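Novice: Chain by chain, the residues run as shown.
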Amino acid sequence: MQKVVSEISGSVFSLPWLIAKDQGLFAAEGIDMEFVRTRPSGAVPHTENPEDVNPILGHTAFEESKVSIYRA
Amino acid sequence: MVRPDSPHNYPGTLGHRPIAVQFHAGSHYVALRLLEGYLPNDKIKLVHYGSPQQRFEAMWRGEVDACVVMEPWIALGEKLGCKALCEGHYLGAENASDDMDEATFAAINRAVGKAIDLLSADKRRYLHYLIDDPRHAEALARFGGLTPEDFHLPRLRYAKATPYSDEIVADTYHWLVRWGLIDPTASAADLVDNRIAQVAATLADDA
Chain H
1 MQKVVSEISG SVFSLPWLIA KDQGLFAAEG IDMEFVRTRP SGAVPHTENP EDVNPILGHT
61 AFEESKVSIY RA
Chain Z
73 MVRPDSPHNY PGTLGHRPIA VQFHAGSHYV ALRLLEGYLP NDKIKLVHYG SPQQRFEAMW
133 RGEVDACVVM EPWIALGEKL GCKALCEGHY LGAENASDDM DEATFAAINR AVGKAIDLLS
193 ADKRRYLHYL IDDPRHAEAL ARFGGLTPED FHLPRLRYAK ATPYSDEIVA DTYHWLVRWG
253 LIDPTASAAD LVDNRIAQVA ATLADDA
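Protein chains in written order, with the working numbering: chain H, 1 to 72; chain Z, 73 to 279.
Misleading hints may appear alongside valid ones.
Distance condition first, Cα-Cα at most 25 Å in a straight line; then the derived DSS-like pairs of lysine-lysine [said to hold, decoys possible]:
| # | chain 1 | residue 1 | chain 2 | residue 2 |
| --- | --- | --- | --- | --- |
| 1 | H | K66 | H | K3 |
| 2 | Z | K155 | Z | K117 |
| 3 | Z | K115 | Z | K155 |
| 4 | H | K3 | Z | K232 |
| 5 | H | K3 | Z | K186 |
| 6 | Z | K151 | Z | K115 |
Read the hints as simulated data drawn from the structure, not as lab findings. Since this is a predicted model, take the numbers as computed values, not measurements.
Same shape as in the complex, but just chain H (with noise of 0.2 Å):
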């Protein structure tokens, strides 16, 4: 089996990824499916510039290599 690490963000985008991983899809590929959920902002300061705000957003586990895939 090879390990896959994969980011799940807002559920209503990983819907198919939650289904495969419990359906044994991921597993029958040869495929060892691990999921990090990435946390909710909670609170922000709010700003009305883009430039204020890192683009990265919650993907820092992909940024750091902790992860290889995500969506978005």
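Given the structure of chain H, go ahead and fit chain Z onto it with the hints provided.
Specialist: Here is chain Z on its own, set in the frame of chain H:
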């Protein structure tokens, strides 16, 4: 989406009114794409509020006139009597690290594709994933909760992964440049590398 008692009934009255989004995410881009059809650019007032829960609650409290959210917050809002003024969809992307090889990516796509077949055959069966997500389950319950029957199923659209076409990349790149959301000296060819996706798509189709 706006509160049940909101005076707004279509996007054209939202000029200079605060709308909660998450900058650099789908809610930000979809808001601009939808609102620019109704309002001059300088009247569109988007405010960064972070997660969908933060945006929804800001709308509900009346801090902002509207929020941009996805499911399950749309279903919750409609259950509470909120009004959807406009609705849009966008194309999601799988972003893989440099060390993801074609065969692994193809295997993942085959598994996800089969899951999409299951989901398309019976969407309501799998909506508990959206309701029970530990990141917002408590908040949904605080607003009265959701059941799978509360969702409008045609809104949930899942398609099997395919590489972006050059036309879609170019159109999106030029739109981002027009809104000042990307370095105009960057090249679309430098930003999107479909090399692995194209090979993986072939492998997935051949299996």
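Novice: Look at each hint and say if it fits the structure.
Specialist: Here is what the structure says about each hint:
A hinted pair counts as satisfied when its Cα atoms are at most 25 Å apart, and K66 (chain H) with K3 (chain H) qualifies at roughly 12 Å. About 19 Å separates the Cα atoms of K155 (chain Z) and K117 (chain Z), which keeps this hinted pair within 25 Å; it holds. For the hint linking K115 (chain Z) to K155 (chain Z), the alpha-carbon distance of about 21 Å falls within 25 Å, and the restraint holds. Between K3 (chain H) and K232 (chain Z) the alpha-carbon distance is near 22 Å, which keeps this suggested pair within the 25 Å criterion.
Between K3 (chain H) and K186 (chain Z), the direct Cα distance comes to roughly 20 Å. Compliance with the 25 Å bound is thereby established for this hinted pair. Distance check on the hinted pair: K151 (chain Z) and K115 (chain Z) sit about 30 Å apart at the alpha-carbon level, beyond 25 Å; violated.
Hint check: a violation occurs at hint 6 only; the rest are consistent with the structure.
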